[in-house]
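Colleague: Chain order of the listed sequences is S and X. Numbering of the first sequence is given in the working numbering, commencing with residue 24 and proceeding in unit increments. Numbering of the second sequence is given in the working numbering, commencing with residue 24 and proceeding in unit increments.
Just so you know, the hints here were simulated from the structure itself, not pulled from any lab data. Treat the hints with care, since some could be wrong.
For identical chains, the list gives no copy identity; a pair is met inside one copy or between any two copies.
As the list claims (entries may be wrong) - When the alpha-carbon atoms are kept at most 30 Å apart in a straight line, the in silico BS3-like pairs for lysine-lysine are as follows: (1) K150 / K126; (2) K385 / K211; (3) K78 / K50; (4) K150 / K282; (5) K355 / K385; (6) K390 / K282; (7) K150 / K78; (8) K355 / K390; (9) K349 / K385; (10) K72 / K385; (11) K150 / K355; (12) K214 / K390; (13) K188 / K78; (14) K282 / K78.
Protein chains: 2
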Amino acid sequence: MARIVQKFGGTSVANLDCIRNVAVRVKAACDAGNQVAVVVSAMAGETNKLVDLVKQASALHDSAEYDAIVATGEQVTAGLLSIVLQSMGVNARSFLGWQLPIKTDGIHGRARIDDIDGSQAVSLMEKGHVVVIAGFQGLSPDNRVTTLGRGGSDTTAVALAAAFKADRCEIYTDVDGVYTCDPRIVPKARKIDRITYEEMLEMASQGAKVLQTRSVEMAMNFNVPVTVLSSFEDKPGTIVAAEIENMEQEVVTGIAYDKNEAKITLSSVDDRPGVAAAIFGPLTEAEINVDMIVQNVSADGKTTDMTFTVSEADFDRTIDHLDRHKSEIGFKEILADRNVAKISVVGVGMRSHAGVAQRMFKALADKGVNIQVISTSEIKVSVLISQDYLELALRALHTAYGLDAE
Amino acid sequence: MARIVQKFGGTSVANLDCIRNVAVRVKAACDAGNQVAVVVSAMAGETNKLVDLVKQASALHDSAEYDAIVATGEQVTAGLLSIVLQSMGVNARSFLGWQLPIKTDGIHGRARIDDIDGSQAVSLMEKGHVVVIAGFQGLSPDNRVTTLGRGGSDTTAVALAAAFKADRCEIYTDVDGVYTCDPRIVPKARKIDRITYEEMLEMASQGAKVLQTRSVEMAMNFNVPVTVLSSFEDKPGTIVAAEIENMEQEVVTGIAYDKNEAKITLSSVDDRPGVAAAIFGPLTEAEINVDMIVQNVSADGKTTDMTFTVSEADFDRTIDHLDRHKSEIGFKEILADRNVAKISVVGVGMRSHAGVAQRMFKALADKGVNIQVISTSEIKVSVLISQDYLELALRALHTAYGLDAE
Chain S
24 MARIVQKFGG TSVANLDCIR NVAVRVKAAC DAGNQVAVVV SAMAGETNKL
74 VDLVKQASAL HDSAEYDAIV ATGEQVTAGL LSIVLQSMGV NARSFLGWQL
124 PIKTDGIHGR ARIDDIDGSQ AVSLMEKGHV VVIAGFQGLS PDNRVTTLGR
174 GGSDTTAVAL AAAFKADRCE IYTDVDGVYT CDPRIVPKAR KIDRITYEEM
224 LEMASQGAKV LQTRSVEMAM NFNVPVTVLS SFEDKPGTIV AAEIENMEQE
274 VVTGIAYDKN EAKITLSSVD DRPGVAAAIF GPLTEAEINV DMIVQNVSAD
324 GKTTDMTFTV SEADFDRTID HLDRHKSEIG FKEILADRNV AKISVVGVGM
374 RSHAGVAQRM FKALADKGVN IQVISTSEIK VSVLISQDYL ELALRALHTA
424 YGLDAE
Chain X
24 MARIVQKFGG TSVANLDCIR NVAVRVKAAC DAGNQVAVVV SAMAGETNKL
74 VDLVKQASAL HDSAEYDAIV ATGEQVTAGL LSIVLQSMGV NARSFLGWQL
124 PIKTDGIHGR ARIDDIDGSQ AVSLMEKGHV VVIAGFQGLS PDNRVTTLGR
174 GGSDTTAVAL AAAFKADRCE IYTDVDGVYT CDPRIVPKAR KIDRITYEEM
224 LEMASQGAKV LQTRSVEMAM NFNVPVTVLS SFEDKPGTIV AAEIENMEQE
274 VVTGIAYDKN EAKITLSSVD DRPGVAAAIF GPLTEAEINV DMIVQNVSAD
324 GKTTDMTFTV SEADFDRTID HLDRHKSEIG FKEILADRNV AKISVVGVGM
374 RSHAGVAQRM FKALADKGVN IQVISTSEIK VSVLISQDYL ELALRALHTA
424 YGLDAE
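Can you build the whole structure from these sequences, using the hints too?
Modeller: Set out below in structure tokens:
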């Protein structure tokens, strides 16, 4: 017998047939003797519909009222799933964020969870009841509804698993796990059976998009084992958990990519101490997130080129910002390239294996792919290449690291 | 300066254009120096959509979960109106039932209000803020969302007006007030400027359907003056308030009708003490509401006929019930007639004026309308006639009581 938190996303509860399918899974877990809490998202499309209403009401809407409106999506699903479970003979009861309560800070639209009172829910679970919790929402210190931001239901599920001292958190979604690479591009991609929190963070933030980054961070902090599963198929899924010493470790676990970056080069920047701070300080203040950074070796000892990447969404703001601060920063011109892609090979195994980066460079060179920028971390090597070569490069790397399925 | 509670029904907030129209009215009341609280219903159609979802989830759904789901309709409207008001420069804040809180009993689906904590809302109103309250909902003693039943937003508005010690409660709807008779049948019907609570109760329960009966009862109990107004036109509306001694009183204020009654006659019932109790006791236990009752004078001294009316909705259950208890009650046969209509002339003035009933009987006789059943109260005379004569009878009575518009 285990205590389990199960989370079902919007596509898994898109309509009443889907909700019945979810109820069957929940009931099966109960019948197997487990204590079960369920976290649900809004029915697919509902949140967008509500957000549209808010935007139509006012472009500059109040975020506290936005939260009160948008949180209704999860409220409806939680009630419907409880009703369907009851009709199957399962004792079920819905809980909204304010009812447990899930206490958050007061940052509306992207609140952070401060504390969860799990006592009532746990005592119901111990009696064999299923508690169905509306995801994505909480209660602010001044008694208002807050939302945790997009994808927040994953975070709700992991936070509840920690608060309930659950044995595991199961995230049901429309894919059956985390893959070594995007299967739409690399047909030989394999499902990963087990991945560490750190690797998952690198994969997710690089575009794997199966699990919300915040929820992985929280799972890591509270050491909650998370399983990613399909709600439409009966397959084992991917376990996201802490590193195990004697785990049979692949050197590289997976290959992630991101097409939503843009490369910016400032030419003839003064090669003096503090120039990097002069460029990136103001960008940070403007909440522009800079990813890869490369500073070329100065050719003449006086000036250098500074290259970095920002997300596509921040591109226009970044250019505008640099133009306005041109004289302070001191550079000749801005060279921009949006036709780039970042590829990252990820794996905790590379800590103890040399030559991981070299294998990447060779595989790309063999295919004639030019590397524009390189950045490395303890468990990741990322390169920026022309987007034209993205698919070719991913398939070549997938083969080079021995990830191809049989 | 006055403190006002304004309530807007579903058709008044059917879409964002309607909500903007509502916001203009609210702002005007604020700009005139009033303290304003607003109660809103769900956008027209939303509640039905949610109820359908619940019914599809399970025919025998749990009423606590029904409430959690259905209450979201008002939650969305309250948030949207707050946002629109803010965009017009009005300080506005939404409140859900649990946030004030509006404390109710735990009877889900038709909860009754026990107590309202108005302190937070009043202190905001005193600072010039508008509080926007989701109608129709409250909080049960065990921290669950309750709903007050259909039309409950009127009740919310009146209860809040009482709790806030408001000067008046304004109910905005899709008609511009209460009429002397249904204008679709009687083109000469006039809008009533002022009507007493008691008269309104008789008019409403008879089919005037402008204001929820419970809300009128509550307004009467707490002496809250209520104004019924159109949210689409700028007209004075109808004031529902206590009787004023020196009010220029019409003898008859209005004429109501109800086509949803059915007449049932039990023939050859024993004319003995206790027979009425034997018939109606079990019907009451079965929650069948009996309206008019007539017991004919016994012709032979042994048996009599017992005639009464029930609502169409209860008709089949009533017949079934009587059939099953035929031997206990003791009657020869059941005669039923669904093609009947009840007409009531209503007016507090008739207390002090003789001949009101007589004028009714004469007006109907002049048109050849046969009266099947008569019942009277202090401020009402009701007759049951064939539904075929309904329109004819209403117009004749409207003229006979001098109610026709110029």
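Colleague: Decide, hint by hint, whether the structure agrees.
Modeller: Here is what the structure says about each hint:
1. Taking CA atoms no more than 30 Å apart as the test, K150 paired with K126 passes in both settings, with 25 Å inside one copy and 28 Å between copies.
2. Taking identical chains as interchangeable, the C-alpha atoms of K385 and K211 lie at most 30 Å apart only when both belong to the same chain, with a minimum of 21 Å there against 93 Å between chains.
3. With identical chains, the CA atoms of K78 and K50 are at most 30 Å apart between copies only, with a shortest distance of 21 Å across copies and 39 Å within one.
4. Within a single copy, K150 and K282 get their C-alpha atoms no closer than 49 Å, and across copies no closer than 51 Å, so neither meets the 30 Å cut-off.
5. Taking the closest pair of Cα atoms, K355 and K385 never come within 30 Å of each other, the shortest separation being 34 Å inside a single copy and 102 Å across copies.
6. Taking the shortest Cα distances, K390 and K282 sit within 30 Å of each other inside one copy (20 Å), while across copies they are farther apart (84 Å).
7. Taking the closest pair of Cα atoms, K150 and K78 come within 30 Å of each other only across two copies (28 Å); inside a single copy the shortest separation is 44 Å, beyond that limit.
8. Neither within a single protomer nor between protomers do K355 and K390 lie at most 30 Å apart by alpha-carbon distance, with minima of 34 Å and 100 Å respectively.
9. When the C-alpha separation of K349 and K385 is checked against a cutoff of 30 Å, the pair qualifies neither within a copy, at 38 Å, nor between copies, at 96 Å.
10. In this assembly of identical chains, K72 and K385 lie within 30 Å of each other by CA distance neither inside one copy nor across copies; the values are 48 Å within and 60 Å between.
11. With identical chains, the CA atoms of K150 and K355 are never at most 30 Å apart, being 71 Å at best within one copy and 56 Å at best between copies.
12. Taking identical chains as interchangeable, the C-alpha atoms of K214 and K390 lie at most 30 Å apart only when both belong to the same chain, with a minimum of 26 Å there against 85 Å between chains.
13. Taking the shortest Cα distances, K188 and K78 never come within 30 Å of each other, neither inside one copy (39 Å) nor across copies (35 Å).
14. Taking the closest pair of Cα atoms, K282 and K78 come within 30 Å of each other only inside a single copy of the chain (28 Å); across copies the shortest separation is 45 Å, beyond that limit.
Checked against the numbered hints listed earlier, the structure breaks hints 4, 5, 8, 9, 10, 11, 13; every other hint is satisfied.
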